[in-house]
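Given chain A, work out where chain B should sit, using these hints.
Okay, here's what each chain looks like letter by letter:
Number of protein chains: 2
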Amino acid sequence: MDLKSYLGRHAALVDKALDALLPASDTLPKSLHEAMRYSMFAGGKRIRPILALAACEAVGGNPESALPVACALEMIHTYSLIHDDLPAMDDDDFRRGRPTSHKVFGEATAILAGDALLTQAFVLLSSPSACEHIAPEVSLRILHTIARCSGSMGMVGGQVVDMESEGKQVDFPVLEYIHTRKTGALILASIQCGGLVGGADTEAMKVLTAYAEAAGLAFQIADDILDIVGEQAELGKDVGSDQARGKVTYPALLGMAVARERSQELKERAIDALAPLGGAAEPLKNIARYIVDRSS
Amino acid sequence: MDLKSYLGRHAALVDKALDALLPASDTLPKSLHEAMRYSMFAGGKRIRPILALAACEAVGGNPESALPVACALEMIHTYSLIHDDLPAMDDDDFRRGRPTSHKVFGEATAILAGDALLTQAFVLLSSPSACEHIAPEVSLRILHTIARCSGSMGMVGGQVVDMESEGKQVDFPVLEYIHTRKTGALILASIQCGGLVGGADTEAMKVLTAYAEAAGLAFQIADDILDIVGEQAELGKDVGSDQARGKVTYPALLGMAVARERSQELKERAIDALAPLGGAAEPLKNIARYIVDRSS
Chain A
1 MDLKSYLGRH
11 AALVDKALDA
21 LLPASDTLPK
31 SLHEAMRYSM
41 FAGGKRIRPI
51 LALAACEAVG
61 GNPESALPVA
71 CALEMIHTYS
81 LIHDDLPAMD
91 DDDFRRGRPT
101 SHKVFGEATA
111 ILAGDALLTQ
121 AFVLLSSPSA
131 CEHIAPEVSL
141 RILHTIARCS
151 GSMGMVGGQV
161 VDMESEGKQV
171 DFPVLEYIHT
181 RKTGALILAS
191 IQCGGLVGGA
201 DTEAMKVLTA
211 YAEAAGLAFQ
221 IADDILDIVG
231 EQAELGKDVG
241 SDQARGKVTY
251 PALLGMAVAR
261 ERSQELKERA
271 IDALAPLGGA
281 AEPLKNIARY
291 IVDRSS
Chain B
1 MDLKSYLGRH
11 AALVDKALDA
21 LLPASDTLPK
31 SLHEAMRYSM
41 FAGGKRIRPI
51 LALAACEAVG
61 GNPESALPVA
71 CALEMIHTYS
81 LIHDDLPAMD
91 DDDFRRGRPT
101 SHKVFGEATA
111 ILAGDALLTQ
121 AFVLLSSPSA
131 CEHIAPEVSL
141 RILHTIARCS
151 GSMGMVGGQV
161 VDMESEGKQV
171 DFPVLEYIHT
181 RKTGALILAS
191 IQCGGLVGGA
201 DTEAMKVLTA
211 YAEAAGLAFQ
221 IADDILDIVG
231 EQAELGKDVG
241 SDQARGKVTY
251 PALLGMAVAR
261 ERSQELKERA
271 IDALAPLGGA
281 AEPLKNIARY
291 IVDRSS
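Protein chains in written order, with the working numbering: chain A, 1 to 296; chain B, 1 to 296.
Some clues are possibly wrong.
Said to hold, decoys possible - Pairwise CB distance ranges (calculated):
no., chain 1, residue 1, chain 2, residue 2, range
1, B, D26, A, L253, 22 to 32 Å
2, B, A275, A, K103, 29 to 39 Å
3, A, F172, B, F41, 28 to 38 Å
4, A, E203, B, D272, 53 to 63 Å
5, B, D293, A, G43, 48 to 58 Å
6, A, D26, B, E203, 34 to 44 Å
These are calculated hints, taken from the structure and not from any lab test. Quantities reported herein were computed from a predicted structural model and do not represent experimental measurements. Backbone N, C-alpha and C fix where the C-beta goes; we use that ideal spot for every residue, glycine too.
So here's chain A without its partners, still in its complex pose (with noise of 0.2 Å):
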């Protein structure tokens, strides 16, 4: 398969389905419709709705019916991104080559965009004719994946150790509780609620889950040795940015020659894990073989 073409094809679908799931710019409020959808469609890689994508497939199910739980993954990552890039927290005045939220629209409404991008993800998620093709039961399950992935002991959790970590000596225990919670935790439940939409039995969602634990740690890793050696296009943030603001990372703690091996070691130990599910793993294969890739 042609990844490339497969990611530009689904990343389109995403694209068109946000464009189709967020309230309009002319809908009142307009300026915080306005915010909410300047960082939506601020060239995001799409990553965790793909993965929703890719693992709705891998167990046999029609990939288009995991859009609407695909886009409220993504809404909650924006979210997190308009947060965290505050004054308040990183402070950062750009990220992708564009200026964020706060700088175009003040902090009040990217506090709120933030807030309402969230908000909407629930929405999404409980949509009578968004999700029609879901039983209940079904949606509340992959509600109640998505909103402990994110929360105080999800993604969150991951923000404010992280945070309080800032220029500190920080060991190895420490660094794996932030990695799976800031970054692996909404991956971990992108992939779960993509199978969920497909139809995957307990067998599968092993399956799923050995993968997706495996993979988002390569993916962070990969990002660390990125921050160092990468090109700042490629990362959509400045490049030695988390050294310069004293996070810890992978390379840091363990040295570029561990971490890169390490990436490698998890990328393949994701790989193996799908074998049960056969060629329509496919594409989840492909995609960590990408992602650890472009890092070494």
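The following block gives chain B in isolation, referenced to the frame of chain A:
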């Protein structure tokens, strides 16, 4: 019925349930869970959860079965207060006589505590254990109602327009836009979702909605009046703070006498709407009387 004792008894039920349904303060990350609990147990009157319990009772349900939904509503209300108090928004240092979240825990943790409380509400509303007595279709409908009322076309939208209107000449339609969304929407959701837990049919839902729309607006006008004539202890914020901030209020726009008359009319309309539900709606009626009459 003795309303004071009813309110006290139900607030205690809500407090106990909230304590059980929020992550413990020694659960990692501790600072986040402490911040969430600090604001959740800051002396709120629990009006929204009590309305949910009373609405459940009014349609013949067991009010205790609505406790998880009631707690989720209070989490959303509390998150909105934490974010409203931030320096970028209303910049309030005190609420109900206690320092606000960002004064105690710092701005970043306050933003994240708000995010986590909003998310925790949806964890709870989709929880198979907390909501085991609610049918999945009903849970989804409750979730959808609460998410819509809290989002960009509900509470968050009202907050945006309120913020944008500060210090400006505002007309009556804008004032109603702000209030039906900023405070009215979550009150409407509380009453509707209490009814849904209690098994309300279409007719009973119409009755509850009519009550909620009239009562929600009556409460807001009463609050505006109290902001001018009230005692700080009763109000939970500085007397005259709306005016000082250039916020538009009903008494400012209509004059005090007309505002008082309008809140009394709306109270009567809310009470009359409940007639078809008979004696079981007595608590809802008394709550409307209590809230409006404390301002007159």
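Next item on the list: State the violated hints by number, sorted upward, taking the hints as numbered earlier in the document.
Entry: Per hint list: single violation, 2.
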